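Undergrad: Chain residues, written in single-letter form:
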Amino acid sequence: MHFADGEVPADYIGYVRQKSFWIVGGILLLFLLLVYSISVGAVAIPPVEVLQTLLGQNISHKWDAIIWNIRLPQALTAIVAGIGLAVAGVAMQSILRNPLGSPFTLGISNAGAFGAAVSVIVLGAGTMQSRVADAITIHNPYLTTLMAFCFCLLATAVILLISRIRGASPEVMVLAGVALSSLFTAGTMFLQYFSTDVQLAAVVFWTFGDVSRANWPELGLISVIVTGATLFFVANRWNYNAIDAGDETAKGLGVHVERVRVVGMVVAALVSAVIVAFLGVIGFVGLVCPHMVRRIIGDDQRYLVPGSCVMGGILLLASDTVARLVMAPYVLPVAVLTAFMGAPVFLYLLLRGYRR
Amino acid sequence: MILAVEELRFFYRNREVLREIAFTIHAGEIIAILGPNGVGKTTLLKCLNRILTPRKGTVFLDGDDLYGLDTMEIARRVGYVPQRVETGRLTAFDAVLLGRRPHIGWDVQEKDLKIVDAVFRRLSMENLRMACIDEMSGGELQKVAIARSLVQEPEVLLLDEPTSNLDLKNQVNILTIITQVVREHHIAAVMTMHDLNQALRYADRFIFLKAGRVFTHGNHDVVTPGVIEEVYGLPVIIGELGGVRCVVPGNTASEPLEDPS
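Residue numbers (the numbering used here), protein chains in the order written: chain A, 1 to 356; chain B, 1 to 261.
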């Protein structure tokens, strides 16, 4: 069977080009936002000088130190974490066939929080120290990160095991995730009940996701995982499009539906786990960025995945920039701001409906 | 002979759903799989492109053992239109383009877009090309699903109740399209159906399933009141109306009928 008399339709090409423009526009906006974010703060640095410093010119030692040691790694961490959370969110919504799917649907954030609580309360990583700006930090962050990461992976392993026994259906995965979330929340509450004031404060503090916790080495590690995961989901965009069209349609198109679901879940979980372990829990980005993009460029994963990455970067960087400025000299953790920043935009998009 | 089914047996857990199924299908034919609800029509259809794998028996696709082929290879040769199609915020063109999935490598090529365009023209649905599928009627959506299976450029087309949920005009429209495509491109189509009248009008051969077995199969001659009563447990009358064979229930009693299974 062969159909030979077709042409490449001009209206479709125009439509596709429009989607690409949105994504390119988003990347430009993200870059402008990056420069702005680096330029503002307790010490204001003009954007032009920021650009020159980023391009390698040595304008001022003080500015160099501020840009290279503090603001650039923080801004890049916000972008990379935003990308990671958004791409995991897109994948989970498709894998679980559920608009409420997010990187944390499978209980990863609660598992991470429980791991952090274990490290602080049981293993004593929570000796607190006060810093000049009255912020409190966890004394032994590496132990906390490691424990959080291990428990994130444990939660994923349990869901994998259940999926293996009962089949990787969206219902089984979502329900197992809900059960695990509750279990880890209960575990955290149990530990908190027996903790001291200081330990309790440390655990609560840890759960406020904050991109300033990462420096270059942590940023490097997060970037490697996020880049790998993003490439994975881009490479699988047709498989996820097929799954979105229904399991039977996907199977009829030669897609190994269960395998794609399970591998996608593991990749999304790994990205979320590494972000949670290093930065704490940052909600909203992974849930809502994909929906914002869906309302602008539709459900086609070929554009939805890159679009969500850009939107995730923009939302988290914008939130972090505002978090640094809004109550200066106090700096808020970004997790407090993401919903404040994103919810009004999302509600607007929801009210407006899909773009035509 | 494009498709040969040999001694197929399928179990859901330990319950045998299909037993000793055997038949052959030739290119250019439309086959209707008929039988009461729950008899295993959809299960049989899904065994024909390995969505389900039977416990025993095999299916030969143009001489190749279907269960030895890669799933992508099967998808390049067998198109499948399920009963239920999910919608999303996609244009019909994108939804149909997905049917090229088994053929494309990293990304779509100009050739893929041309094939999709040709199918839209062939099915006279150019006006739907840029419409979003989440705003479509059931008939339009079914056309999109059929178009998607056609851009797979299959040798065999499997359709699971292609006209359920459609109004009369859309039923005729969809079945006419399938008939024309099968004849023009010399492919085979296998459809599960409930409507015996539509089956009589559009199918070349019929497979009646009863209690998981092929009760009988063959051309129009096998569709008799006796066979239908045996399979469905309902007396019927077959007559001609305007040159077309029609089946009408023969029972006029007001009591509920016995379940054939």
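None of these hints come from the bench; they were simulated from the model.
Careful, some of the hints might be misleading.
What the hints assert, rightly or not - Think about it this way: if two alpha-carbon atoms lie no more than 27 Å apart in a straight line, the pair counts; the simulated DSS-like pairs of lysine-lysine are: (1) B:K114 <-> A:K19; (2) B:K210 <-> B:K56; (3) A:K19 <-> B:K111.
To be verified - Taking beta-carbon pairs under 7 Å as the criterion, some of the chain B residues facing chain A (in silico): (4) Y67; (5) G88; (6) D94; (7) Q109.
Claimed, not checked - Calculated Cβ distances over 10 Å to all of chain B for the following chain A residues: (8) D5; (9) V8; (10) V35; (11) H61; (12) D244.
As the structure is a computational prediction, the values presented were derived from the model and not from experiment.
Quick reminder that beta carbons are idealized off the backbone N, C-alpha and C, glycines included.
Undergrad: So which hints don't hold here, by number, going up?
TA: Of the numbered hints given earlier, those the structure breaks are 4, 7, 8, 9 and 12, listed in rising order.
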